[in-house]
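Colleague: For what it's worth, our numbering labels the leading residue of the sequence shown as -6, then goes sequentially.
Hints should not be assumed to be uniformly reliable.
Unchecked claim - Derived Cβ-Cβ restraints for the label pairs, each shown as a range:
no., residue 1, residue 2, range
1, PHE38, GLN95, 29 to 39 Å
2, ASP91, GLY19, 34 to 44 Å
3, PRO78, SER6, 11 to 21 Å
4, LEU97, LYS40, 12 to 22 Å
5, ASP91, ASN51, 31 to 41 Å
Claimed, not checked - Straight line, CA to CA, 25 Å or less: simulated DMTMM-like cross-link-like pairs of lysine to aspartate or glutamate:
no., residue 1, residue 2
6, LYS48, GLU22
7, LYS48, GLU90
8, LYS40, GLU30
9, LYS40, GLU90
In case anyone wonders, no lab produced these hints; they're calculated from the structure. Bear in mind the structure is a predicted one, so any value in this text is a computation, not a measurement. C-beta: ideal position from N, C-alpha, C; glycine also.
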Amino acid sequence: MNDGGDIVLEHSSGASLLLLRASLTGRLEDFARRQAERIMAPLGFAKLGEPQHFKATNEEWVQYEIHGNRLSEHRRILYRVFRRPSGLFELVYENSEDRFDQLLTETQEIASSLQTILQAPAPGRRVRVRR
């Protein structure tokens, strides 16, 4: 966990997972598109997939798949922004094109577990009571 409360995990295979709280400005779909384009910008020959939108009673999310190159390696990125009663979160999972699916399920399970850490309220200040 970094100083801003974001969670960054790096796997020995070169895969990475970033989970962070977000602040929504505007529509969820517009926010997701802007963020996906921002993530895609540093990649060479990048291609942004079509958005996928899911909505249920207690959750809504929009996700994009991004394909591109970092130096000479083909990379694949899953960007997902999701809104829950506890807040808005962003997930960025990146791996090489050929190993992407190997860790996808585990990544989603880890991200789901880590959300409880991000949504837990910050510990309150202790106040000393004098008697």
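Colleague: Please name the hints from earlier in the document that this structure breaks, with their numbers sorted from lowest to highest.
Modeller: 1, 3 and 7
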